[in-house]
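Q: Could you slot chain B onto chain A? The hints should help.
Number of protein chains: 2
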Amino acid sequence: MMQKGEEPLSIRQVERSLAVREAGDKEVSDHFQALDRLWRPRAIAVVGLSDKLGNMGQMFAIALKNQGFKGPLVGVNPGAEVKSLPSVRRLQDFEGPLDHIIICVPAREIEGVIRDAVEKGVRCAAMFTSGFSEEGREEGRRLEERIAAIAREGGLRLIGPNCMGLHYPPRGLSFRPDMPTAWGRTAMTSQSGGMALSTLMNCAERGVPLGKVVSYGNECDLTAQDFIRYFADDPDTDRIVMYIEGTKNGPELIQAMIAAGRKKPLIVCKGGRTSVGTRAAASHTGALAGSREVWQAAFRQAGARVAASIDELVDVIEAEERLGKPQGRGLAVLTISGGFGVFATDVAAEHGFAVPQFAPDTAAAMAKFINFPGTSVKNPLDMAAAIFFQGDHAPIYAPLGQDPNVHAVLVLLSIEYIHLIEGFGPLDPVSFTKWFLEQMFKGLRAAGKPAAFVFFESVKQAQRLEYVKLIRDSGFPVFPTVERAMKALKAVCRM
Amino acid sequence: MMQKGEEPLSIRQVERSLAVREAGDKEVSDHFQALDRLWRPRAIAVVGLSDKLGNMGQMFAIALKNQGFKGPLVGVNPGAEVKSLPSVRRLQDFEGPLDHIIICVPAREIEGVIRDAVEKGVRCAAMFTSGFSEEGREEGRRLEERIAAIAREGGLRLIGPNCMGLHYPPRGLSFRPDMPTAWGRTAMTSQSGGMALSTLMNCAERGVPLGKVVSYGNECDLTAQDFIRYFADDPDTDRIVMYIEGTKNGPELIQAMIAAGRKKPLIVCKGGRTSVGTRAAASHTGALAGSREVWQAAFRQAGARVAASIDELVDVIEAEERLGKPQGRGLAVLTISGGFGVFATDVAAEHGFAVPQFAPDTAAAMAKFINFPGTSVKNPLDMAAAIFFQGDHAPIYAPLGQDPNVHAVLVLLSIEYIHLIEGFGPLDPVSFTKWFLEQMFKGLRAAGKPAAFVFFESVKQAQRLEYVKLIRDSGFPVFPTVERAMKALKAVCRM
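From first to last, the protein sequence lines stand for chains A and B.
For the first sequence, the working numbering assigns the number 1 to the initial residue and increments by one for each residue that follows.
For the second sequence, the working numbering assigns the number 1 to the initial residue and increments by one for each residue that follows.
Just chain A, with the same shape it has in the complex:
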């Protein structure tokens, strides 16, 4: 959220940022080292842990246990003993190095905790505690400035307040008991804790789990741009995802994005696009209103893929992981219902893609297999009965690989069509579908062009999810609607 007193982003800032300051090697290295060590603390304390029902400290403690955090884990509670975890009254009472603390005490108690942390030599404090500048009151803003000053002076780095902090399974870091333990090579910075955890869970469910994730909240010390600069150089990170609503330092953020965008793919999701959405994001200041164009210019300069919602964000992450960038805008659309083909063609055209006629060689080669009544080798291609062809499917799809008009393949599936044989054929529709899906994967691999599936959400959801998993496990991305597939493909093509 944007803070009082900050300036709105301007187009001139974006232009100035184009001359990205090239930091010296030493500076880059120092920044990298400082942030890198935050991800591998030797011991962690949860400050404000109690045995009371609903205590948020418990949530963090169980999250760390569930992720198998290897080092000592301690609760801090000045007033009561804690049964669920070894605990101390003050941070200073813990023996041995204490690198990371998670702070859940009320805002009024935070200043003392920060002083204790400095005294103890803690490296980093992630502050879950809320009630600071995000409430738009002068008192909260001043308290936030005060703790930032104490930390800066004492060499303590702060994340938040009003945040969830760090998640990284290989080092046992997380912020909720039910977070995925799988991890990948996509890092994320998120202004909102909720968006971080939704993206984490969604991506894990889709089999493209995130890696290092930071929910950074109010940015009283460490900022989005600090983490973006770090992720740009991090060897564990292949791409960077950002959820952002506003910033305190537009030029610095944009510089960091542009510099990172030169090194790694950047995927951005912006909350507060409309003026009323901006009000929702930061109801205490109208400073960001009307700056949609500025943000768009910044994202464009950074070469970022832009997602308009959490669903789109996860779609784009899946597409980035599983789909190569098409060498043009020509789509081959394969369907087993003419009607779906018509719709898909409309939606593709509306998103800037072409559904061109196949080259004569392709049509001729495919016609050997697709010559059943009611089908013809046009694009979109109504596969009809050919999808059930009980032989090797590789030669059906392979010709698409040679077609100069085709740059990517979109396959449309729906249970009501692929289960056509159900109820009046001797075959079991489920095992038959699994067989022809495998054949289709083989054929699409033989074609060798970027390929995505749309599996409509119609009936038999549990069965559908099984097929969807099969498709994802085979390395192809799959979406519930053509519109979402097109938006993801557009982002991958940076259209």
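Derived from the structure by calculation, the hints contain no laboratory data.
Where is the CB? At the ideal position from N, CA and C, for every residue including glycine.
Incorrect hints may have been included.
Stated by the list, open to error - Derived list of chain B stretches under chain A, where covered just means 3 residues or more per stretch with a C-beta under 8 Å from a C-beta of chain A: (1) 185-195; (2) 471-484.
To be verified - With a cut-off of at most 25 Å between alpha-carbon atoms, the simulated BS3-like pairs for lysine-lysine come out as follows: (3) A:K460 x B:K378; (4) B:K26 x A:K378; (5) B:K52 x B:K26; (6) A:K52 x A:K83; (7) B:K460 x A:K65; (8) B:K442 x B:K368; (9) B:K460 x A:K460; (10) A:K65 x A:K120; (11) A:K434 x B:K460; (12) B:K52 x B:K65; (13) B:K469 x A:K469; (14) B:K460 x B:K434; (15) A:K83 x A:K325; (16) A:K469 x B:K65; (17) A:K248 x B:K378; (18) B:K434 x A:K460; (19) A:K378 x A:K460; (20) A:K83 x A:K120; (21) A:K460 x B:K469; (22) A:K368 x B:K52.
A: This is chain B only, laid out in the frame that chain A set:
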């Protein structure tokens, strides 16, 4: 699909159609009677039935059996005896009245079947057979005209060819073995058999099943407008859904739509919106290209709700059944994650809705319940912990009913938030969620304004589907994304 020789729709046609011809009582009554009796045949024959694997006649025969068709059901096969059903060699061999036949023979054999049907005194033939005008060849077009002439002269009505025909469970009619047996009061005309069956299955899955459905194909005799006129007067039909790609008779179709739209809600889904989509819909003629505006004008004149895809179509049907029309554009957005609220506000604004501040009385009344740290009674409203409040929820939501700024309520849910207690609380998250959902339903009913849910598709899909069913069973519509909810609400508001 559009046929050769037909004229493209023009704006002038739409304007002329505004002066809807009011047919005389007698004419209306004759038309109604003629079409009404098609839905209650006494006996049905499947022509072209055989015991061979994959024979499409079997599909229709099993479909009728599965729907419990009450009258005699007979197979017709001139060359072989059929084991699966009582069969005859020719239609004339069947004793007793035969009202309806389903034709699955190849196109070259159809003329003889039509002559036999006339001789037998059959009322209606639904022709699954394809290979006529839809293939764009002169030969097929002439054959289609010929059978139409034979039927017209002999008093036989034709549906198709290239169609699935009729579906209506109360009379045992259907066209696939796995069609729903539940039915409702939404009728549908569909140019595409695939779109008819997808809509049928989707709507049944969502608990808003269709009633009378006709897949009409090439319209060589009975047309979309014939069925629309019939449904407008049908006492079993409350609303009419159309899937359409093109027409042979624009003025007549538009007249029928406008007249029907005055009597009942009309929901339209058009395939072939873009020029390339139109080519996909009717690759043999470009006549419809560029007429998007004409179709839009026609839909507007008919007061139709327009859906851009099959998913949207089903969304609109669900919204029409479960959501009253809001008296304005002000939405109350209730969420348990601030980030989701920001997005929802953006999407609502982008679709022409407002997310206004609550009236002071509403804010004050709700503040009694929502006074936990991190929440405030703003719109969008971050319910945070209030959603888990362990008391009567009716008074929380009831104040929305009195707020003059609020015309509809949108509730945003997601498993990762409502299962927050999982793993560190003593409560079972599933039974607790069911309890607070029931409380929420009670509260929304107390508010008494149109209310819809968005339940994001994130994790634990099977569990999500259970909650979604609970919401639908309670009479509230539910959508997977804010965007789809907004599009459906827009259609209901005819925006």
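Q: Please work out if A:K460 and B:K378 have their alpha carbons no farther apart than 25 Å.
A: Roughly 39 Å between the alpha carbons, so the hint for A:K460 and B:K378 is violated.
Q: Are three or more residues of the stretch 471-484 of chain B within 8 Å, CB to CB, of chain A?
A: As far as the stretch 471-484 of chain B goes, the hint holds, because 4 residues have Cβ atoms under 8 Å from chain A.
Q: Is it true that the CA of B:K460 sits at most 25 Å from the CA of A:K65?
A: Holds, because 22 Å separates the two Cα atoms, which is no more than 25 Å.
Q: Would the pair A:K52 and A:K83 pass a check requiring their Cα atoms to be no farther apart than 25 Å?
A: holds, 10 Å
Q: B:K52 and B:K65 were given as a pair; does the straight-line alpha-carbon distance stay at or below 25 Å?
A: Roughly 18 Å between the alpha carbons, so the hint for B:K52 and B:K65 holds.
Q: Keeping to a limit of 25 Å between CA atoms, is the pair of A:K65 and A:K120 held or broken?
A: holds, 23 Å
Q: Given the hinted pair A:K368 and B:K52, is their alpha-carbon gap at most 25 Å?
A: It holds: about 24 Å lies between the C-alpha atoms, which stays within 25 Å.
Q: Has the stretch 185-195 of chain B got at least three residues whose CB is nearer than 8 Å to a CB belonging to chain A?
A: This one holds; 3 residues, not fewer than the three required, reach chain A with a Cβ under 8 Å.
Q: Assess, step by step, whether the Cα of B:K52 is no farther than 25 Å from the Cα of B:K26, and give holds or violated.
A: Judged against 25 Å, a Cα distance of about 48 Å means the pair is violated.
Q: Decide if the proposed pair is consistent with the structure: A:K83 and A:K325, CA atoms, cutoff 25 Å inclusive.
A: Since the Cα atoms of A:K83 and A:K325 sit roughly 54 Å apart, the hinted pair is violated (cutoff 25 Å).
Q: Given the hinted pair B:K26 and A:K378, is their alpha-carbon gap at most 25 Å?
A: violated, 47 Å
Q: Taken at face value, is the distance from the CA of B:K368 to the CA of B:K442 at most 25 Å?
A: holds, 18 Å
Hint compliance for this structure: hints 3, 4, 5, 15, 16, 19 are broken, all remaining hints hold.
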